[in-house]
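For the protein sequence lines, the chains are A and B, in the order given. Just so we're aligned, residue 1 is where the first sequence starts under this note's numbering, counting upward by one. Just so we're aligned, residue 1 is where the second sequence starts under this note's numbering, counting upward by one.
Honestly, I wouldn't trust all of these hints.
The list cannot tell twin chains apart, which means a pair is met if one copy fits it or any two copies do.
With a straight-line Cα cutoff of 25 Å, these simulated DMTMM-like cross-link-like pairs (lysine to aspartate or glutamate) come out [what the hints assert, rightly or not]: (1) Lys371 / Asp264; (2) Lys313 / Glu351; (3) Lys263 / Asp368; (4) Lys369 / Asp264; (5) Lys217 / Asp231; (6) Lys364 / Asp264.
Hints in this document: simulated from the structure, not taken from any laboratory.
Number of protein chains: 2
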Amino acid sequence: MFVAEALNLSKYAAKKLEEKNILREALIPHSFFSDVIEAYRFDKKFGEIEEGTLVAKTTNGVKIVRGFPKIRRALTLYPTLLKHFGDYVAVEEKMNGYNVRIAKFGKNLYAITRRGYICPYTTEKARDLINPDFFNKYSDYVLCCEAVGEESPYVPKDIYGTKFDFYVFDIRHGATNKPLSVSEKEKICEEFGLKYAEIFGIFETKEAHEVVKDIIKKLGREGREGVVIKDPEMKREPIKYTTSETNAGDLRYAFRYFNDYGKDFMFSRIVREGFQSFEFKESEEEFRERCLRLGMAILEPMIQSIKEVDQNKKVVERIKLRFKDFSVMNLFLEHLRRSGVNYEIVDLKKEGKDIIIIIDRVMKSTTDKIKHHLKGNLW
Amino acid sequence: MFVAEALNLSKYAAKKLEEKNILREALIPHSFFSDVIEAYRFDKKFGEIEEGTLVAKTTNGVKIVRGFPKIRRALTLYPTLLKHFGDYVAVEEKMNGYNVRIAKFGKNLYAITRRGYICPYTTEKARDLINPDFFNKYSDYVLCCEAVGEESPYVPKDIYGTKFDFYVFDIRHGATNKPLSVSEKEKICEEFGLKYAEIFGIFETKEAHEVVKDIIKKLGREGREGVVIKDPEMKREPIKYTTSETNAGDLRYAFRYFNDYGKDFMFSRIVREGFQSFEFKESEEEFRERCLRLGMAILEPMIQSIKEVDQNKKVVERIKLRFKDFSVMNLFLEHLRRSGVNYEIVDLKKEGKDIIIIIDRVMKSTTDKIKHHLKGNLW
Numbered sequence: 001m002f003v004a005e006a007l008n009l010s011k012y013a014a015k016k017l018e019e020k021n022i023l024r025e026a027l028i029p030h031s032f033f034s035d036v037i038e039a040y041r042f043d044k045k046f047g048e049i050e051e052g053t054l055v056a057k058t059t060n061g062v063k064i065v066r067g068f069p070k071i072r073r074a075l076t077l078y079p080t081l082l083k084h085f086g087d088y089v090a091v092e093e094k095m096n097g098y099n100v101r102i103a104k105f106g107k108n109l110y111a112i113t114r115r116g117y118i119c120p121y122t123t124e125k126a127r128d129l130i131n132p133d134f135f136n137k138y139s140d141y142v143l144c145c146e147a148v149g150e151e152s153p154y155v156p157k158d159i160y161g162t163k164f165d166f167y168v169f170d171i172r173h174g175a176t177n178k179p180l181s182v183s184e185k186e187k188i189c190e191e192f193g194l195k196y197a198e199i200f201g202i203f204e205t206k207e208a209h210e211v212v213k214d215i216i217k218k219l220g221r222e223g224r225e226g227v228v229i230k231d232p233e234m235k236r237e238p239i240k241y242t243t244s245e246t247n248a249g250d251l252r253y254a255f256r257y258f259n260d261y262g263k264d265f266m267f268s269r270i271v272r273e274g275f276q277s278f279e280f281k282e283s284e285e286e287f288r289e290r291c292l293r294l295g296m297a298i299l300e301p302m303i304q305s306i307k308e309v310d311q312n313k314k315v316v317e318r319i320k321l322r323f324k325d326f327s328v329m330n331l332f333l334e335h336l337r338r339s340g341v342n343y344e345i346v347d348l349k350k351e352g353k354d355i356i357i358i359i360d361r362v363m364k365s366t367t368d369k370i371k372h373h374l375k376g377n378l379w
Numbered sequence: 001m002f003v004a005e006a007l008n009l010s011k012y013a014a015k016k017l018e019e020k021n022i023l024r025e026a027l028i029p030h031s032f033f034s035d036v037i038e039a040y041r042f043d044k045k046f047g048e049i050e051e052g053t054l055v056a057k058t059t060n061g062v063k064i065v066r067g068f069p070k071i072r073r074a075l076t077l078y079p080t081l082l083k084h085f086g087d088y089v090a091v092e093e094k095m096n097g098y099n100v101r102i103a104k105f106g107k108n109l110y111a112i113t114r115r116g117y118i119c120p121y122t123t124e125k126a127r128d129l130i131n132p133d134f135f136n137k138y139s140d141y142v143l144c145c146e147a148v149g150e151e152s153p154y155v156p157k158d159i160y161g162t163k164f165d166f167y168v169f170d171i172r173h174g175a176t177n178k179p180l181s182v183s184e185k186e187k188i189c190e191e192f193g194l195k196y197a198e199i200f201g202i203f204e205t206k207e208a209h210e211v212v213k214d215i216i217k218k219l220g221r222e223g224r225e226g227v228v229i230k231d232p233e234m235k236r237e238p239i240k241y242t243t244s245e246t247n248a249g250d251l252r253y254a255f256r257y258f259n260d261y262g263k264d265f266m267f268s269r270i271v272r273e274g275f276q277s278f279e280f281k282e283s284e285e286e287f288r289e290r291c292l293r294l295g296m297a298i299l300e301p302m303i304q305s306i307k308e309v310d311q312n313k314k315v316v317e318r319i320k321l322r323f324k325d326f327s328v329m330n331l332f333l334e335h336l337r338r339s340g341v342n343y344e345i346v347d348l349k350k351e352g353k354d355i356i357i358i359i360d361r362v363m364k365s366t367t368d369k370i371k372h373h374l375k376g377n378l379w
């Protein structure tokens, strides 16, 4: 098997990999993906190999794109930053979209989601928006980007004033996952005209908790998500930290679809609020605001969903997408179906050369749960 | 085995009961429990036999006290009550304490907790507070009571203006679990001077959702828990429904000890708030109040716990108990230890003839979790 070979696995490890049934197909075969002969993704972590790792047999050889490592979270900035970093930290914006790795296979760019799927929608966007010259100079490297905007299939947000765009936050070697330093990344992005997540600066670690607190409050007011705090040399693992407004936004989403979302997701966001409020030493007034924001983030969307079901509607998430090509659109819809997403097409139209499709992602579990109780059934 | 025999189990069922390891000792042998030779509780449901069922070999024969059946919950009053009941319903107060079944074995009363333990503390109270004459006339019956008050080992509350008391809500036949009607229960309680949970009245089911809504709002303002809605003849299963203030109170408790409590506990209380707010068609102002109440119920206690750990304290629940007898106190402390409760004695003193003990129940998981993060460890 070319995957085991590419990763230099021992015979024993190769056998384990097969037994554990960890490899899954990473794409739906299609002419849009013509540079890829075969590709597999790691559905789980395997030894050192991260979940979401992709191994592809392509027209120019076997390529490895390691999974993007989980970024762990600080619950309090102090003393966490001091404990984890050296003398200096870089503070960058954590944008609210979805994580994509972009690589070049054969003659074209490919966009890989967190779990290791080659996504047709994101791939079409990458070919449209990313300067491929980068890959001439750095053919073994991968652009780790946040895909953001209103026309996002996974995390639609209108806060960035864009329909869809990529912001690079890491440049990593595909096969080893080794990242370039923050300054190298910045230089290369400037050189090739790649947009990148804002770098707020390099700070002394001993004052970073105060700096980050101020940045977080400002980002919160602007509806932005949070920060990633990095070793400027990228020798240590980064740490993330988010605004109260983002925690509330996550809860808003989770409680709108409360029976489709895990309780762990809700619980962790609530606990973050507790630790942040403690650390930020808020005034009485700020604290009441945080409590009200939390309560409304929970109840408003839940009640909206209950009302919709009471009016015989389904609870849905409405998504607007834009394609250049009908066959890519169909490929993407097939990709959604295979991912277990239950959707309905609401509208389809042309806008200039673009195809605009509106789909409703149906939240069946939440809809059914509400319907059950509104009919008078007990908990 | 006398348990299988008492319950008339087939040989096959008796074998299953043993294999599944469902029976557990129901008490710690002690002279205080001298009427009981041996007693077992059902740690799980077994066929028709409810979890918490107790079977005791006593000095006057084998006695069965069936487990108290789970009362299911309405998420919306309408159309749930119409769907589940006949023409009339009785509405009673659901008090906020712990569920106890009181029975007479040999010459003395015994108090059995929900899970089927004979509790030394509650038993001492029952012998002090309950008129035993009831059992002369109804020897095969059990008093199902809410044990409430400030000096409660499990649910201390000061809302009822009592240190400790029992309020009967059901009278059931021990071996069959068959309940008496609401009016029979009321008559018998009056006859023997037993306190009972307030009966708000018998109402036409078709208007009950409006009646209950008004009762619930009033109870909420008074800090009381909620209602149980019953078939007056007790031929159908009762249904419970609680105030928003109680949901918030439950959350307050759960988030104070957030790592010792289940996420299901929190989630269910939050969802109740959503359905109640929807059904009660609140004003903007009432809705904001509900959101603020919810947010504060979550964040205030969590932050209190974080602050305490930050000051090198442990997160504890402080409990004040009153005993008549030292040996019962020691028996109860042993009972707590065996139940896996981690506690420390804070104070011990005499008050007249009573022994007063103050204990701190240590919430180790919450304490450790907070300490871990305050030291700078990642989530």
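To see whether the hints hold, each was checked on the structure:
no.: 1; hint: Lys371 / Asp264; result: both (24 Å within a copy, 20 Å between copies)
no.: 2; hint: Lys313 / Glu351; result: neither (29 Å within a copy, 63 Å between copies)
no.: 3; hint: Lys263 / Asp368; result: both (18 Å within a copy, 21 Å between copies)
no.: 4; hint: Lys369 / Asp264; result: both (19 Å within a copy, 15 Å between copies)
no.: 5; hint: Lys217 / Asp231; result: within (22 Å within a copy, 55 Å between copies)
no.: 6; hint: Lys364 / Asp264; result: both (20 Å within a copy, 20 Å between copies)
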